[in-house]
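Spelled out, the chains give:
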Amino acid sequence: MEQPGKWHRAVLVSEIEDEDVVGVVVGEQGEHEVAVYKLGGKCYATADRCTHQTARLSDGLVIDDYIECPLHQGRFHIPTGKARSAPVSIALQTYPTKVEDGAVYVLVEDIQFD
Amino acid sequence: MKELDELVKVREQIIPRSQLKRLAKRNNYAGLGFLAFHFFLICGTGWLVHQALGSWWIVPAVFLHGVLLATLFAPLHETSHGTAFRTLWLNEAVLWLCGLIYIFPPKWFRYHHAFHHTYTQIRRRDSAMVLPRPITLMQYLVYVSGLMVWRRNLSYLFNHAMGRIDPAEHEYAPVDQHPMLVREARVMVAIYAAIAALAVAYGSWAPVIYWLLPRIVGESYARWIRVAEHTGCDEGSDPRANTRTTLTNPFIRTLWWNMPYHAEHHLCAFVPFHALGKFHEQVHDKVLVNEGGYFQVHLDLFRRFIRLKHGAQVS
Chain A
1 MEQPGKWHRA VLVSEIEDED VVGVVVGEQG EHEVAVYKLG GKCYATADRC THQTARLSDG
61 LVIDDYIECP LHQGRFHIPT GKARSAPVSI ALQTYPTKVE DGAVYVLVED IQFD
Chain B
1001 MKELDELVKV REQIIPRSQL KRLAKRNNYA GLGFLAFHFF LICGTGWLVH QALGSWWIVP
1061 AVFLHGVLLA TLFAPLHETS HGTAFRTLWL NEAVLWLCGL IYIFPPKWFR YHHAFHHTYT
1121 QIRRRDSAMV LPRPITLMQY LVYVSGLMVW RRNLSYLFNH AMGRIDPAEH EYAPVDQHPM
1181 LVREARVMVA IYAAIAALAV AYGSWAPVIY WLLPRIVGES YARWIRVAEH TGCDEGSDPR
1241 ANTRTTLTNP FIRTLWWNMP YHAEHHLCAF VPFHALGKFH EQVHDKVLVN EGGYFQVHLD
1301 LFRRFIRLKH GAQVS
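So the sequences go chain by chain: A and B. To convert, note that position 8 of the first sequence is 8 in the numbering used here; the numbers rise steadily by one, no gaps. To get the numbering used here, take the position in the second sequence, counting from 1, and add 1000.
These aren't lab readings, by the way, just hints derived from the structure by calculation. Since we're looking at a predicted model, the values are computed, not measured. One thing to keep in mind: the hints can contain errors.
Calculated pairs, DSBU-like style, for lysine-lysine (alpha carbon to alpha carbon, straight line, at most 30 Å) [stated by the list, open to error]:
id, chain 1, residue 1, chain 2, residue 2
1, A, K42, B, K1021
2, A, K42, B, K1286
3, A, K98, B, K1021
4, A, K82, B, K1009
5, A, K82, A, K6
6, B, K1286, B, K1025
7, A, K82, B, K1002
8, B, K1025, A, K82
9, A, K82, B, K1021
Covered by chain B, per the in silico footprint, the following chain A stretches (three or more residues, Cβ under 8 Å) [to be verified]:
id, region
10, 22-29
11, 53-65
12, 83-90
Take a look, some chain B residues computed to stay more than 12 Å from chain A by CB distance [what the hints assert, rightly or not]:
id, residue
13, L1007
14, L1032
15, Y1111
16, Y1172
17, V1182
Ideal Cβ positions, reconstructed from N, Cα and C, are used throughout, including at glycine.
Only chain A is shown next, with the shape it has when bound in the complex:
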């Protein structure tokens, strides 16, 4: 089944170190702040803002399969977005990714602005 949304070119795979994260802005009008991760050669994407107090997760630390918020050290499971350790308790939005021509693409739903 086709997922709703549109694929956006986010970042070159070579620009992300393994076990690291890069913050990008995608969407027709740059409305989505997305964190793109590389874990064991595979790319993942989540919202870039922590659900606890909106710190930028791309400033955080990747530990195994988790992204740790740089402000309060709450951890989210990168592949599923699940909140793993306090003070975070609300899951993170995740986005489907694909790699084409050496670039990571992220599927996001564009927000319609009036």
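Please build the complex by placing chain B on the supplied structure of chain A, with the hints as guidance.
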């Protein structure tokens, strides 16, 4: 969030992310080593208390033991950040153990402390603001006695155990976590009640002599150390000015799990305690550092009290 944006901006000016990433690497060995050393010393001072029973030596022995128990705040604090160990369950287990001995609901502390990191030295927002200016001698003495802290912590513990969460706590503890805070307090109270029941059943004063009394006496030492972290620093969200690093000897630094490098800790809380020394070497000229040690910090504060006494404005 304005405070958060400022913190990130300052951090980026001071140290590049690539360097931070290296410093932020976690392991379990450092935490286990510090913890073993800590409990070895606590057992040692506990033995001294035992040896001093029945003599006047009990007074310094209990105080010393209390000081050691008070420094358990350091692993409690580090595990509340999740940075003491690489392994999450180990962090949580040590957080719980330290919270239980320290008589401090650990998960509640985590939320309370997280808020302090967001709003450090922001008046009426900082959940752990110590002695905001102007400071009077009486306020200083009451704080350092630790009495208010006991009142606050025990009221949280028992209120939570009774299922009551103060509306003011909603600001830092998410509503979906309130049942967990209640459960935590109930488990702690149940454990304390079991210890009390066993002590009564066996006619033993051991929990009082080796734990409660030293904890009460030693809390003033913890407060005395904690005054140095922010008191008298600028009010505002600039981490270069709102937090103070206090240089001290390696023994005290080790007991406090490197928390005397407090400015570095607030600048980047995801750098674990064992890397704060290296972090300090890289940023010491960009943050607020008191090179004279803890007595110097307190002496400076006392100078302010005297000025206040003579009617001058506290700076």
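Tested hints:
1. K42/A / K1021/B: Holds: K42/A and K1021/B sit about 20 Å apart, inside 30 Å.
2. K42/A / K1286/B: Given pair K42/A, K1286/B is violated - Cα atoms ~38 Å apart, limit 30 Å.
3. K98/A / K1021/B: It holds: about 27 Å lies between the C-alpha atoms, which stays within 30 Å.
4. K82/A / K1009/B: Given that 30 Å is the threshold and the Cα spacing comes to 28 Å, the pair holds.
5. K82/A / K6/A: Between K82/A and K6/A the Cα gap is close to 24 Å, so the pair holds against 30 Å.
6. K1286/B / K1025/B: holds (23 Å)
7. K82/A / K1002/B: OK: K82/A and K1002/B at ~27 Å, within 30 Å.
8. K1025/B / K82/A: holds (22 Å)
9. K82/A / K1021/B: holds (23 Å)
10. 22-29: violated (count 0)
11. 53-65: Three-residue rule met by the region 53-65 of chain A, so holds; n is 8.
12. 83-90: holds (count 6)
13. L1007: At about 8 Å from chain A, L1007/B fails to clear the 12 Å cut-off, so the statement is violated.
14. L1032: Given a closest Cβ separation of 18 Å, the condition holds.
15. Y1111: The claim is violated: Y1111/B sits with its nearest Cβ about 6 Å from chain A, within 12 Å.
16. Y1172: violated (8 Å)
17. V1182: holds (15 Å)
Taken one by one, the earlier hints fail for this structure at numbers 2, 10, 13, 15 and 16, listed in ascending order.
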